[in-house]
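This is what each chain is made of:
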Amino acid sequence: MTIHTRNTRVPVISNVSRRRLLKGLAASGGLVIAAQWPALAAPPFYPTGAEAMPNKTVSDPKLFVSIAPDGIVTIVAARAEMGTGAARTTLPLIVADELEADWSRVRIKQSPGDEKTYGNQDTDGSRSVRHFIQPMRLCGASARTMLEQAAAKRWGVQVGEVEAKNHEIVHAASGRKLGYGDVAADAAALPVPPADQVRLKNPAAFRYIGKGNVPLVDLRDITTGHAVYGQDVWLEGMKYAVVARPPVGIVVSGLPAFATVVAIGGVSYLYANGVYYRDRGDASYEVVPSPVVVGTGNDGGVNRTFVYPKLGQSAEKQASDEYECHRWAVNQTGFDPSAAAAGQGTGPAQRSDYARAQNACLEGRGYTVR
Amino acid sequence: MVNLSVNGQQRSFDGDPSMPLMWYLRDELGLTGTKFGCGVALCGACTVHLNGEAVRACGVPMSDLGGKTVVTIEGLDPKGEHPVQVAWRNLGVPQCGYCQAGQIMQAAALLKAKPAPSDKDIDDAMAGNLCRCGCYQRISEAVRAAAKGA
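Going down the list, the protein sequences come from chains X and W. Start counting the first sequence at 225; every next residue gets the next number (my numbering). Start counting the second sequence at -16; every next residue gets the next number (my numbering).
Don't read these hints as lab results, they were simulated from the structure.
Computed far set for chain W versus chain X, every beta-carbon distance over 12 Å:
1) Gly(-9)
2) Gln(-7)
3) Gly(-2)
4) Val23
5) Thr52
6) Ala99
7) Lys103
8) Arg127
9) Gly132
Examples of chain W residues toward chain X, derived with CB under 10 Å:
10) Thr17
11) Ile56
12) Asp60
13) His65
14) Gln68
15) Gln78
If you're wondering where the values come from, they're calculated on a predicted model, not measured in any experiment. Built from N, CA and C at the ideal position, the CB exists for glycine as well.
Using the sequences provided together with the hints, build the complete structure.
Spelled out as structure tokens, the structure:
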């Protein structure tokens, strides 16, 4: 395997020659007619953040694209489908567009989890397309270039005279055509061209990107109950786990290192993983009911405050005033009861300061506070 | 021993009679098209047909199923071409698809009971099937389309 790293803004192109994903891979040995289109060459990637992700991106067409002798193109979906269609429909569609493949003759194959091979597979943050549109375009365009090179070689013409068009390579001058399946084996034997010798499509020539109206590849399976979700997978020896919360009253002899001391309503607790403990003073801890009651008041529910709209303010106005006074009181005192509930250590004096500040603010806005 | 029919096949069950139908379908028969959503009959993801009516499979114990007929999404139509399934595909209803088997089974039961439902009938029938992707407009549209045979 050879790795060519062009620069930090171009993905790693790994020509994994031992992978025989393109069907009928044969020993080459023939003349490789390199394409030369400097003016239209794939530009260096604009930065997307993908370069900072573990294992970055990969665009090797020998990894992502295989073409059977009957012309069926299989594109690997390397990211996990999270439900938007980005992983199993959009990214393969981008490859297919640059490849000039007929989408109706494209099949999708899910890759295993293997970031060393496929690049980053951390499918989150609404960034699959943002991070992978460039590598997948380059991938499809590289495969298209290899098909064009293979066809040109077979016809004995310059590669610049042939063009891939909707699942066929066309030699306009002579009217000759070859289907993708006809040249797949020859193309697979060629080296992956360097990125600067690959033409990306002019966006005006896009067949699918930005055109809409492409159904999800899993649409039929979804409507017939055959789409496979994580929950539907069964593996030999698979174990099931649930999160167990300790019942109130249980005494434990130790707490996790990240347990935090919190003071709520003048009482000190230890808090970890959503559970409150009382320190029994003998290196043991008792699970106690949560002292935080959500939604019964603006101080976390320990000392409920009643706010009356003295001037007849509407409920919306009151909610807005209460929030603004909460923000003001937080700024004045540095104490945020919502943060305290989430486990930040605080003392009762700070809580009292916060309550007085909020009351002052609300009274200034025409509310009675008790 | 509980004898029941699932997707046209006769089945016998002699396990825990309190086990919900959903787990029998998913774990014992491998019919995973019926999804586990909430487990307490609040979301509709596990909707199947019991003697032709839409029920939440997570809330039906096996002991209630003697002599009954169960149809799941896999058995709704032998070729997956029930008018509701076709309408779902024509309109590209699903996004992630997790709730859609339940949605389709609910809609199919509605159209069997009311072949020409009003918009209110559709809203009422579908109100208990939640979709976190928010495909509700397309769901209603697809039910209307299926009713018209479109």
